[in-house]
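Just so you know, the sequences run in chain order D and W. Its first residue numbered 68, the first sequence is counted upward by one per residue in our numbering. Its first residue numbered 57, the second sequence is counted upward by one per residue in our numbering.
To be clear, the hints were calculated from the coordinates, so they are not data collected in a lab. Predicted, not measured: the structure shown is a model, and the values here were computed from it. Glycine residues also receive a C-beta, built at the ideal position from the N, C-alpha and C atoms. Treat the hints loosely; a few may be bogus.
Said to hold, decoys possible - To give a feel for the contact side, a few chain D residues facing chain W, derived at Cβ under 8 Å:
#, residue
1, Lys116
2, Arg123
3, Ile128
4, Arg132
5, Val153
6, Ser157
7, Ile159
8, Gly168
9, Ser169
10, Ile171
11, Leu180
12, Tyr183
13, Gln185
14, Ile186
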Amino acid sequence: MEKQYAQALFNLLHRSEEDSEQLFAKLEAHLDTVGRTKLLPHIYRELHKLETAEERQKESIEIAREADRNSATVELTSLGIVGEPVVNPSLITGWRAKGNGSLIDHSGKRALLDLYQQITTSH
Amino acid sequence: MESIIKRIEEQIAGFAPSASVEGVGTVRETGDGIAVIDGLSKAVLSEMVLFDPSHDQSLEEALLNEGSVYGLVLNLEEDAVRAVILGDASNVYEGMHVRRLNRLLSVPVGDGLVGRVVNALGEAVDAKGVVTDTSLTPIEREAYGVMDRAPVNEPLHTGIKAIDAMIPIGRGQRELIIGDRGVGKTAIAIDTILNQKNESVEKRPICIYVAIGQKESKTAKIVADLTEQGAMDYTIVVTAPASSPAAYQFLAPFTGAAIGEYFMDKGRDALVVYDDLSKQAVAYRQLSLLLRRPPGREAYPGDIFYLHSRLLERAAKLSNEKGGGSLTALPIIETQEGDVSAYIPTNVISITDGQIYLQTDLFNKGMRPAIDVGISVSRVGSSAQTKAMKKVSGKIKLSLAQFRELEAFTQFASDLDADTKQQIDAGRRMTEVLKQNVGHPLPFEVAASVIFAATNGYLDTVRPEDTARAQARLQDYLEREASETLTRIKGTGEIDDATEKTLRKALEAFSTSAL
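Build out the structure end to end from the sequences listed, making use of the hints.
Listed below in structure tokens is the structure:
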């Protein structure tokens, strides 16, 4: 039941114009009314999971170096991807875009790892 | 070495970052070998996914870390996907990046597997190096349809007289071996594998022994025995020991079937032993409960029947248009206290084309193999017997049934007429003839000749308790003095008039000299 409560609260937090403090207070009052106050910590835990999942699903664009910003933007735009890139030096070169359950990894790191995998598994 | 360097040069020259779109997700929670993954909205059932730690690591960390683990998607839920972790679950953590691999779970199959011991994913575990000369094939596939099959009419000789005479198995059949623990179920399967050494190389089936949930010491001993007897030259062992994750014990039989189908599709014969499917059912139950699937009877999931039916339906005898190959299955089921009416045993009995039922009572009385011929059956029957065996074994089952009734009668009747005594002695003698030491399968021509001798009165002067010794001497005598007759029986598969004449001559000489 806590998952359903958490999902409902999550939806309200994103849809409603009400203050989040007020929504939490209303939830607590409701749970008190139906005698389910004990669910509260579990609901908050599930809500945290939903928020973490949403955070991870957010669109992100990473580039390897600041100097690559312009060229990366051109390539991304040609693929219909728009957004403000964040610098991630671990990519070595290129860029990486994630969003809506998909990933395009055009980074040097990924290419090198794939090459290493190909060489070590075929020989 | 030159070619390897050249290939590496080509790969480096062709190196370039790709821009393909991949489906990705994130691990929300993990535990007990199951990962709940957010995202992966387009994942399909039984798709492979990769738990990829390199997404959040530097290149150096990623190269040093062997933490990539594969998973198998088994639950598609409204807001998440549940996958079974195929590997070290301790390498999977919350927040870990997961990639779809856009392919179903596949295992390597091919001639390179012969003589090797592999795990449920087809990876070598026998310390003999990587398996080569293989191709990847999906672990699950649909069984052949009716029109692609041919009738089962070619015998698969187990080398066990009681089975080859009364419960004959054909190539392409599914024959269940069922009984309590420690009654000799595995021994029958291993003797069947060992007996294939007596077949010619062209007709010898490739044998696949799938060890599910077994002790590793037991599997090691089986591999050692097979190696010692030269059987590993045509055998593949797939092992998912008791210490392996439930996912491996669930998948191992499908791996065995996929390997067997490779040879069947090439027009060859294959034999696969599933030892045992009870443990696969338990592993699948564990996985299903962890995946929150609703439990049914005895807490097994609702599709437990389908688990075994889709596995065993893959055994087949193919038509000539499809190459004429075959895959014979010998599933093993362990019962508790002899209860064949339990859930899993009845399921598998209804799927297979017969069962060999081993009784603990018979085992304890010294009847080994402890086959209860009264309730054992082969639904293929004499279609899977050579003419030679058909000729000699025609009435054994009936006469043994009559003997068992008479034997019960002797317990309370002290005064028996001569005919009854003779029938009882004959029954006891035949029972002794059908006993056989483990690890000593008999070529069918020798078995047919011994049974011919027993059913035609050549052992009538032997006391029932001396039959075993007499039989051993008879076998030895036939192999020495009647080898041509045996060769003829083996070559033609029958005992025609001329062969019968020479065989009778040899048996008369044996009776006169040795008995």
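Check your understanding: Does the structure break any of the earlier hints, and which numbers would those be?
Key -> Going through the list in order, the structure violates hints 3, 4 and 5 and respects the others.
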